[in-house]
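S.K.: Each chain, letter by letter, is given below.
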Amino acid sequence: MIPGGGSGPMKDCEYSQISTHSSSSPMESPHKKKKSSPKRKWEVFPGRNKFFCNGRIMMARQTGVFYLTLVLILVTSGLFFAFDCPYLSEKITPAIPAIGGILFFFVMGTLLRTSFSDPGVLPRATPDEAADLERQIDIANGSSSGGYRPPPRTKEVIINGQTVKLKYCFTCKIFRPPRASHCSLCDNCVERFDHHCPWVGNCVGKRNYRFFYMFILSLSFLTVFIFAFVITHVILRSQQTGFLNALKDSPARYPFTETNYRSSVVCFFSVWSIVGLSGFHTYLISSNQTTNEDIKGSWSNKRGKENYNPYSYGNIFTNCCAALCGPLSPSLIDRRGFIQPDTPQLAGPSNGITMYGATQSQSNMCDQDQCIQSTKFVLQAAATPLLQSEPSITSEELPLPGKTSISGPCATLTLGQPTPPSSMPNLTSDTGLTDMIPLKEEHEGHQFLTPEEAPSPPGMLPSGSPITHSHTMHVLSLASQDSLHEDSVRGLVKLSSV
Amino acid sequence: AAPQVHSLQELRRSASLATKVFVQRDYSDGTTCQFQTKFPPELESRIERQLFEETVKTLNGFYAEAEKIGGSSYLEGCLACATAYFIFLCMETHYEKVLKKISKYIQEQNEKIYAPRGLLLTDPLERGMRVIEISIYEDRCSSGSSSSGSSSSSSGGGGGGAGGR
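The listed protein sequences derive, respectively, from chains G and P.
In terms of the UniProt record's numbering, the first sequence is residues 1 to 498.
In terms of the UniProt record's numbering, the second sequence is residues 1 to 165.
FYI, nobody ran anything at the bench for these hints, they're computed from the structure.
We put the beta carbon where it would ideally sit given N, CA and C, even for glycine.
Hints may contain errors.
Which residues of chain P face chain G? A partial, calculated answer using Cβ under 7 Å [what the hints assert, rightly or not]: (1) Phe22; (2) Tyr27; (3) Thr31; (4) Gln34; (5) Gln36; (6) Thr37; (7) Glu67; (8) Ile69; (9) Gly70; (10) Gly71; (11) Ala84; (12) Pro116.
Cut-off 27 Å, straight-line C-alpha distance, at most; resulting in silico cross-link-like pairs (DSS-like, lysine-lysine) [claimed, not checked]: (13) Lys41/G / Lys38/P; (14) Lys68/P / Lys165/G; (15) Lys38/P / Lys155/G; (16) Lys165/G / Lys100/P; (17) Lys39/G / Lys100/P.
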């Protein structure tokens with residue numbers, strides 16, 4: 001996700017960095033030259049999320065369906081309150097609009113909470129962590145990992161007597177905790193991932209599952225309530241004037257009866273789907289499973305007699321209480337925090353420790369060791385989806401090369417150095433996955449020229465740093481050594497300005 | 001002889017970061033937040049095993065307390081539900097209160113135990129609750145002397161052993 005507004009900060013970045021060959025200026029400096037106010041972390045968040053109200057509100061990128069949900073609920077309830085309630089409160093009891101009002105208030109509150117809160121996103125690994133994990137994986141697999149075909153990265157853990165496999169997430173560079181999953185739409189790992197719900201415009205995970213459940217539960221009650229009383233209204237009126245007349249009278253005195261009819265149709269269909277969904281989630285809560293686990297059949301008896309859910313507390317009541325009334329963990333991504341430059345400095349790399357960079361904000365000359373490691377890593381990462389058949393990894397791999405519109409063309413450009421600059425315009429088309437497929441094929445076809453010439457791959461993102469800045473910085477730090485690189489860098493700059 | 005007791009500020013100014021050690025999560029109890037108490041070999045020469053284990057065990061205790069499912073958490077949950085979760089706008093949750101305690105504890109441990117040995121603990125909250133990051137520093141003034149693996153508790157001139165091979 002490109003931070004800030006499109007081309008503005010990137011233009012600053014180009015100008016300031018082409019003029020200097022040394023990479024002593026920190027990555028954050030283009031931003032700081034523009035304004036003196038420090039950036040907040042949400043502005044450089046690497047996932048595909050939208051933020052509002054200066055980071056207080058967090059949603060997925062596609063929010064169209066969420067607005068549809070809002071409109072449906074508001075319009076249906078609005079019509080109910082405007083046209084049915086006056087009649088019903090007179091005829092039957094004023095408690096009806098009161099209860100309806102409470103239900104409506106509850107539905108809106110839980111909907112907004114579900115949509116706007118952090119579902120439990122796991123922040124991506126810092127470069128130091130990622131390097132440390134890489135090292136440990138290499139040690140575990142043996143030094144020769146067989147070229148570009150790495151063994152699958154999994155760790156096994158025994159939880160309550162059940163063996164659980166923890167998978168390594170290539171995008172976030174972490175081993176996912178149990179029950180976490182990577183959402184390909186939001187490009188984040190989410191704890192206790194349930195599903196990505198387009199109706200609420202957000203993922204449903206550990207932190208907002210209870211809000212989601214209360215939302216669909218209260219919405220079921222609301223739709224049943226509205227449906228029942230709209231029918232009651234029509235029946236009562238028809239007793240007075242005759243059923244067909246009640247509907248016929250509509251254009252003249254009761255224009256709302258047409259809309260009554262429409263709102264009851266909406267209600268009818270939503271009742272069944274929402275009530276069904278509430279029932280399904282009630283079952284999930286009582287057995288302490290996520291939608292993800294249920295769909296995959298992770299804990300079903302069909303996999304084996306020994307298979308059982310290690311997270312379940314044993315009885316339905318405890319499971320429900322734990323899911324709904326358990327403690328609410330805080331957000332781990334600290335969206336409104338300010339980006340701080342770290343104070344410690346990097347010690348000389350002579351002791352052979354490969355550190356990607358001491359800090360997130362200071363960039364140093366790219367250590368050859370790091371480049372070798374990181375390019376090896378991206379090759380493995382890019383090659384993995386072609387070799388593994390698991391859909392879960394494929395789905396998370398595809399966003400990796402296509403992360404931003406800059407990183408993709410950059411990689412093709414710099415990796416495929418023999419290709420003439422005239423082929424560059426092809427890359428300026430907007431990225432879809434179709435653009436990234438040629439990238440992978442090039443990986444297979446071209447050998448890396450030398451590790452020194454290959455810059456940091458687009459996949460390696462120090463968390464908290466702007467994507468474009470890190471990439472151009474590393475490209476430029478090597479450009480000083482190679483004039484051919486300078487050409488490609490200028491081409492890169494042209495792309496950046498598109 | 002160089003003074004052995006560093007304050008945190010002095011540490012940052014006079015020392016340079018040598019390496020970082022990461023204490024990973026222990027998932028054997030499920031998804032609750034617990035860290036492994038296994039002693040990392042890199043710290044062998046820097047700190048006593050028992051002190052390290054005690055720190056990690058105390059942290060684990062704090063996290064268990066934060067995530068405990070019991071009477072008070074149910075009450076908080078039900079109250080929040082009854083107010084359509086609007087109460088979270090003004091009230092601090094139990095978990096957040098414990099997190100504040102944890103950060104105070106970590107700061108205290110850093111000042112009393114870790115900084116004098118040239119180490120620095122990072123609050124796991126800043127690392128997404130994945131790891132306890134322990135930064136190992138070496139004194140710049142003594143980085144020239146490459147003495148391997150001297151004991152840290154009374155080593156003059158700082159621990160040149162960490163990372164120096």
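S.K.: It remains to establish, for every hint, whether it holds in the given structure.
M.R.: A quick look at each hint next to the structure:
no. : hint                : in the structure
1   : Phe22               : 5 Å, holds
2   : Tyr27               : 5 Å, holds
3   : Thr31               : 6 Å, holds
4   : Gln34               : 11 Å, violated
5   : Gln36               : 11 Å, violated
6   : Thr37               : 16 Å, violated
7   : Glu67               : 6 Å, holds
8   : Ile69               : 5 Å, holds
9   : Gly70               : 10 Å, violated
10  : Gly71               : 10 Å, violated
11  : Ala84               : 4 Å, holds
12  : Pro116              : 17 Å, violated
13  : Lys41/G / Lys38/P   : 33 Å, violated
14  : Lys68/P / Lys165/G  : 25 Å, holds
15  : Lys38/P / Lys155/G  : 17 Å, holds
16  : Lys165/G / Lys100/P : 33 Å, violated
17  : Lys39/G / Lys100/P  : 25 Å, holds
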